[in-house]
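Chains as they are written, first to last, in numbering that gives the first Met the number 0: chain A, 0 to 375; chain B, 0 to 375.
Errors might be hidden in some of the hints.
[As the list claims (entries may be wrong)] Selected chain A positions facing chain B (Cβ under 10 Å, derived; list incomplete):
#, residue
1, D61
2, I70
3, L226
4, G230
5, E241
6, G245
[As the list claims (entries may be wrong)] A partial selection of chain A residues facing chain B, derived with a Cβ cut-off under 8 Å:
#, residue
7, L64
8, G72
9, F109
10, I178
11, E182
12, L198
13, Y208
14, A218
15, I242
16, E246
17, A250
18, R251
19, A253
20, D360
[What the hints assert, rightly or not] Anything over 12 Å on all C-beta distances counts as not near chain B; from chain A, calculated:
#, residue
21, A17
22, D26
23, D45
24, A65
25, E66
26, S115
27, A151
28, R160
29, D177
30, G203
31, E224
32, R325
33, D326
34, E351
35, N359
Note that these hints are calculated values from the structure, not bench results.
Keep in mind it's a predicted model, so treat the numbers as computed, not measured.
Beta carbons are placed, not taken as given, at the ideal position from N, Cα and C, and that holds for glycine.
Protein chains: 2
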Amino acid sequence: MSEDTEIARGRKTFSVLADGRELFYFDDAATGPDAGGPPDRAAARDLRALPPVSTSSTMRYDRVLAEWVAIAGHRQARTYLPPDDACPLCPSRDNHQSEIPAHDYDVVVFENRFPSFTLAPEPEPEGDDGLFVSRAGFGRCEVVCFTSDHDAAFSSLTPSRARTVIDAWADRTQALSDIAGIEQVFCFENRGEEIGVTLSHPHGQIYGYPFVTPRTRRALRSAREHLERTGRNLFADIVEAEIRSGERIVARNASWTAFVPFAARWPLEVHLYPHRQSPDLAALTDAERDDLSHIYLEVLRRMERVHDDSLPYIAAWHQAPVRHDRDLACLHLEIFSSRRAPGKLKYLAGSESAMGAFVNDVLPEEAAQLLRDARP
Amino acid sequence: MSEDTEIARGRKTFSVLADGRELFYFDDAATGPDAGGPPDRAAARDLRALPPVSTSSTMRYDRVLAEWVAIAGHRQARTYLPPDDACPLCPSRDNHQSEIPAHDYDVVVFENRFPSFTLAPEPEPEGDDGLFVSRAGFGRCEVVCFTSDHDAAFSSLTPSRARTVIDAWADRTQALSDIAGIEQVFCFENRGEEIGVTLSHPHGQIYGYPFVTPRTRRALRSAREHLERTGRNLFADIVEAEIRSGERIVARNASWTAFVPFAARWPLEVHLYPHRQSPDLAALTDAERDDLSHIYLEVLRRMERVHDDSLPYIAAWHQAPVRHDRDLACLHLEIFSSRRAPGKLKYLAGSESAMGAFVNDVLPEEAAQLLRDARP
Numbered sequence: 000m001s002e003d004t005e006i007a008r009g010r011k012t013f014s015v016l017a018d019g020r021e022l023f024y025f026d027d028a029a030t031g032p033d034a035g036g037p038p039d040r041a042a043a044r045d046l047r048a049l050p051p052v053s054t055s056s057t058m059r060y061d062r063v064l065a066e067w068v069a070i071a072g073h074r075q076a077r078t079y080l081p082p083d084d085a086c087p088l089c090p091s092r093d094n095h096q097s098e099i100p101a102h103d104y105d106v107v108v109f110e111n112r113f114p115s116f117t118l119a120p121e122p123e124p125e126g127d128d129g130l131f132v133s134r135a136g137f138g139r140c141e142v143v144c145f146t147s148d149h150d151a152a153f154s155s156l157t158p159s160r161a162r163t164v165i166d167a168w169a170d171r172t173q174a175l176s177d178i179a180g181i182e183q184v185f186c187f188e189n190r191g192e193e194i195g196v197t198l199s200h201p202h203g204q205i206y207g208y209p210f211v212t213p214r215t216r217r218a219l220r221s222a223r224e225h226l227e228r229t230g231r232n233l234f235a236d237i238v239e240a241e242i243r244s245g246e247r248i249v250a251r252n253a254s255w256t257a258f259v260p261f262a263a264r265w266p267l268e269v270h271l272y273p274h275r276q277s278p279d280l281a282a283l284t285d286a287e288r289d290d291l292s293h294i295y296l297e298v299l300r301r302m303e304r305v306h307d308d309s310l311p312y313i314a315a316w317h318q319a320p321v322r323h324d325r326d327l328a329c330l331h332l333e334i335f336s337s338r339r340a341p342g343k344l345k346y347l348a349g350s351e352s353a354m355g356a357f358v359n360d361v362l363p364e365e366a367a368q369l370l371r372d373a374r375p
Numbered sequence: 000m001s002e003d004t005e006i007a008r009g010r011k012t013f014s015v016l017a018d019g020r021e022l023f024y025f026d027d028a029a030t031g032p033d034a035g036g037p038p039d040r041a042a043a044r045d046l047r048a049l050p051p052v053s054t055s056s057t058m059r060y061d062r063v064l065a066e067w068v069a070i071a072g073h074r075q076a077r078t079y080l081p082p083d084d085a086c087p088l089c090p091s092r093d094n095h096q097s098e099i100p101a102h103d104y105d106v107v108v109f110e111n112r113f114p115s116f117t118l119a120p121e122p123e124p125e126g127d128d129g130l131f132v133s134r135a136g137f138g139r140c141e142v143v144c145f146t147s148d149h150d151a152a153f154s155s156l157t158p159s160r161a162r163t164v165i166d167a168w169a170d171r172t173q174a175l176s177d178i179a180g181i182e183q184v185f186c187f188e189n190r191g192e193e194i195g196v197t198l199s200h201p202h203g204q205i206y207g208y209p210f211v212t213p214r215t216r217r218a219l220r221s222a223r224e225h226l227e228r229t230g231r232n233l234f235a236d237i238v239e240a241e242i243r244s245g246e247r248i249v250a251r252n253a254s255w256t257a258f259v260p261f262a263a264r265w266p267l268e269v270h271l272y273p274h275r276q277s278p279d280l281a282a283l284t285d286a287e288r289d290d291l292s293h294i295y296l297e298v299l300r301r302m303e304r305v306h307d308d309s310l311p312y313i314a315a316w317h318q319a320p321v322r323h324d325r326d327l328a329c330l331h332l333e334i335f336s337s338r339r340a341p342g343k344l345k346y347l348a349g350s351e352s353a354m355g356a357f358v359n360d361v362l363p364e365e366a367a368q369l370l371r372d373a374r375p
């Protein structure tokens with residue numbers, strides 16, 4: 000099964016893996032007079048004999064913190080730091096069948112084989128006296144490979160390839176938003192073995208959550224209070240105040256501003272906001288996506304230059320809930336690293352992990368100066 | 000300067016370090032017919048030439064999450080994994096002056112030399128348009144050494160020594176609660192190099208925060224809603240429901256029950272509640288403290304037996320705010336480990352760190368069974 004569709008630029012090809020999981024190739028836009036047509040991705044078939052994906056994921060409601068927790072026992076067996084020649088995210092070769100049937104690709108997105116959530120039917124809430132409430136782990140978990148080059152990094156992509164990744168994120172954000180029961184779509188990259196990344200091939204993930212995440216719920220509560228008190232949008236006011244102050248600005252272009260937040264929790268932390276308030280990546284214009292591809296690479300490279308290319312980081316896209324508060328929220332990216340000095344990580348110890356009270360050892364203005372001084 | 004006072008059992012002796020920091024010896028209760036009087040701790044003087052503790056800690060208010068973040072730039076220089084013969088938490092010897100002047104001790108508490116908060120005068124709030132608000136990092140950070148034996152662990156203490164630690168926690172909780180401006184007292188132990196512990200000598204910490212922590216504020220909001228809806232205390236209802244269900248119970252005695260919570264976030268997580276609702280450790284009776292010393296050791300030993308003695312963990316005492324909601328909150332201990340299998344840690348990656356959405360790979364009922372089967 001396959002079908003080709005045009006995305007904002009480039010081309011998207013749909014395919015299905017041996018166990019029924021969906022896979023999408025996103026090819027860079029063909030450019031220049033010599034560029035041929037798109038490669039025939041659909042010709043590649045998954046030759047593996049895979050058992051169907053079986054998950055036993057459930058969600059349980061924590062009455063004390065009023066949050067859902069996903070319990071996914073089946074994930075204990077997931078692939079853990081495989082040798083490079085067994086990388087499941089490299090293209091398939093004649094002697095190695097990976098998760099990607101094609102012998103090459105630009106960007107590829109597919110359903111995670113060890114998902115925290117799946118689109119299984121959602122049963123009714125259960126539980127005895129209301130203190131123990133659980134639901135099936137409904138949702139969607141996808142993997143995004145940024146390049147077929149195992150040894151590359153997001154920061155080493157060309158702007159054109161970064162643009163294809165952005166188009167893939169936007170496309171998947173819209174597709175997952177269209178699924179009834181998915182309430183928030185989260186595109187992110189975990190990078191670095193120091194923070195537990197089990198596959199070194201450059202990749203990110205997309206979660207379609209069946210709830211609005213705890214973090215977003217708290218931010219929306221603040222935004223609602225700010226709107227009622229001032230009549231203005233909290234996020235727009237913060238970006239404006241950061242630009243006016245200037246001392247924490249890291250990078251700017253026509254559509255985006257990157258800064259170290261005033262109350263940064265991490266030794267190296269950058270927030271990236273569009274100048275035009277948008278609910279999610281799918282709502283970005285063509286020009287905003289092009290500008291994003293450049294500033295995203297610049298910010299990542301500046302962060303890596305402060306330490307080195309092995310910098311562990313989490314890059315997290317905060318998007319509006321799918322079905323409400325679309326005007327209250329504001330799309331933005333938060334990138335942070337737990338490295339506080341060469342060879343030293345900031346760990347979330349008692350104060351942070353148990354009490355939610357962060358202690359940051361680095362002054363945000365000094366971090367911003369280091370990032371401005373770094374050559375991207 | 001020194002003074003001796005009786006604590007619930009044993010004896011407390013006050014002393015001052017060379018840079019003016021306070022230190023308190025807590026000696027085990029003398030027992031048996033041959034027990035002599037308490038050793039003369041006050042005779043030991045700090046012989047070091049120490050510069051005064053200088054801190055530049057500030058707190059900044061995060062408008063989006065409505066939380067205070069501490070910025071403590073001076074802590075970057077703190078002691079990091081010193082060689083064992085330079086351990087600052089061992090007793091002083093003739094050729095090594097440590098943080099503890101005495102040549103031996105049972106339990107000792109002293110002000111942290113690299114504190115996140117200090118009792119410096121608190122200036123007025125500042126900031127331009129209200130989006131950037133900061134305050135001085137007012138508060139108190141103390142270190143608690145559980146034993147003079149560098150190679151021991153909390154789990155290897157005798158019940159009598161564990162009782163002395165409990166009395167020290169209770170004493171310091173009351174003392175810090177008496178300081179105007181301190182709003183919550185947090186006693187905790189971070190254990191294990193894997194989670195960033197920089198000193199291997201068995202020790203914990205006590206934070207006196209100038210605010211009610213984000214985690215406690217959220218729990219109190221749930222407890223208040225539960226009280227309004229049902230007329231009952233949320234925590235008492237949860238403990239009662241866990242006892243009635245039984246499937247997640249780990250250990251019980253006359254005064255305490257330990258269980259894996261229904262919506263556990265961590266591979267190994269145990270909550271320990273007193274049967275009589277108490278606001279904090281200082282409010283525990285003599286019998287409750289004795290019972291606690293036994294069940295605390297039992298729970299730690301069961302957790303370590305599931306893996307091994309190197310298990311990294313955070314043990315966190317949740318106490319009521321000092322000045323409000325004393326009846327709504329309920330003292331309890333939460334112990335959790337990030338180890339999910341031998342050699343494998345659970346990291347807080349994108350979903351947890353950025354969105355607050357936890358995914359736990361271990362079924363709570365299975366974790367409880369492992370803990371019940373382990374020989375303490």
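Comparing the hints with the structure gives:
At a threshold of 10 Å, the smallest CB-CB gap from A/D61 to chain B is about 4 Å, leaving the interface hint in force. The interface hint given for A/I70 is met, as the beta carbon of that residue sits about 5 Å from the closest beta carbon of chain B, less than 10 Å. Annotation: A/L226 was flagged as interfacial toward chain B, and the flag is violated, the nearest CB pair being 13 Å apart, outside 10 Å. Proximity of A/G230 to chain B is violated relative to the hint, the smallest CB-CB distance being about 14 Å (cut-off 10 Å).
Look at A/E241: its Cβ gets to within about 9 Å of chain B, closer than 10 Å, so that hint holds up. Restraint check, A/G245 versus chain B: the minimum CB separation of about 12 Å is more than 10 Å; hint violated. Hint status for A/L64 relative to chain B: holds, with the closest Cβ pair at about 5 Å, below 8 Å. Because the beta carbon of A/G72 sits about 5 Å from the nearest beta carbon in chain B, less than 8 Å, this interface hint is met.
Because the beta carbon of A/F109 sits about 18 Å from the nearest beta carbon in chain B, more than 8 Å, this interface hint is broken. Proximity of A/I178 to chain B is violated relative to the hint, the smallest CB-CB distance being about 17 Å (cut-off 8 Å). A hinted interface residue such as A/E182 counts as satisfied when its beta carbon comes closer than 8 Å to some beta carbon of chain B; here the least separation is about 11 Å, so the hint is violated. The beta carbon of A/L198 is not positioned within 8 Å of any beta carbon in chain B (closest approach about 12 Å), and the interface hint is therefore violated.
Among the interface hints, the one on A/Y208 holds; its C-beta lies about 6 Å from the nearest C-beta in chain B, closer than the 8 Å criterion. Because the beta carbon of A/A218 sits about 5 Å from the nearest beta carbon in chain B, less than 8 Å, this interface hint is met. Annotation: A/I242 was flagged as interfacial toward chain B, and the flag is violated, the nearest CB pair being 12 Å apart, outside 8 Å. A distance limit of 8 Å between C-beta atoms decides the matter here; for A/E246 the minimum to chain B is near 10 Å, and the interface restraint is violated.
Below 8 Å, beta-carbon pairs count as interface contacts, and A/A250 has none with chain B, the closest being about 20 Å; its hint is therefore violated. A least Cβ separation of about 19 Å between A/R251 and chain B goes past the 8 Å threshold, and the interface hint is therefore violated. Evaluation of the A/A253 hint against chain B yields a violated restraint, the C-beta minimum of about 24 Å exceeding 8 Å. The beta carbon of A/D360 is positioned within 8 Å of a beta carbon in chain B (closest approach about 5 Å), and the interface hint is therefore held.
Every C-beta of chain B lies more than 12 Å from that of A/A17, the closest at about 25 Å, which supports listing it as non-interface. For A/D26, the requirement that its beta carbon stay farther than 12 Å from each beta carbon of chain B is met, with the minimum near 26 Å. Every CB of chain B is more than 12 Å from the CB of A/D45 (nearest about 26 Å), matching its label as outside the interface. The claim that A/A65 is not at the interface with chain B is violated, since a C-beta of that chain comes within 12 Å of its own (minimum 5 Å).
Its beta-carbon lying about 7 Å from the closest one in chain B, A/E66 breaks the requirement of being farther than 12 Å from that chain. The non-interface label for A/S115 is inconsistent with chain B: the shortest C-beta to C-beta separation is roughly 5 Å, within 12 Å. Remark: the non-interface label on A/A151 is consistent with the geometry, its nearest Cβ contact in chain B lying 20 Å away (cut-off 12 Å). Residue placement check: A/R160 keeps its beta carbon more than 12 Å from all beta carbons of chain B (closest about 21 Å).
For A/D177, the condition that its CB be more than 12 Å from all CB atoms of chain B holds, with the nearest at approximately 21 Å. With a closest Cβ-Cβ approach of about 8 Å to chain B, A/G203 is found to fall inside the 12 Å limit, against its non-interface label. Annotated as non-interface, A/E224 brings its C-beta within 12 Å of a C-beta of chain B; the closest such distance is 8 Å. Look at A/R325: its CB is around 18 Å from the nearest CB on chain B, clear of 12 Å, so calling it non-interface holds up.
A cut-off of 12 Å between C-beta atoms confirms that A/D326 is not in contact with chain B; the least separation is 16 Å. Consistency note on A/E351: stated as away from chain B, yet its beta-carbon is not over 12 Å from all of that chain's, at 9 Å minimum. Not every C-beta of chain B lies more than 12 Å from that of A/N359, the closest at about 5 Å, which undercuts listing it as non-interface.
The earlier numbered hints that this structure contradicts are 3, 4, 6, 9, 10, 11, 12, 15, 16, 17, 18, 19, 24, 25, 26, 30, 31, 34 and 35.
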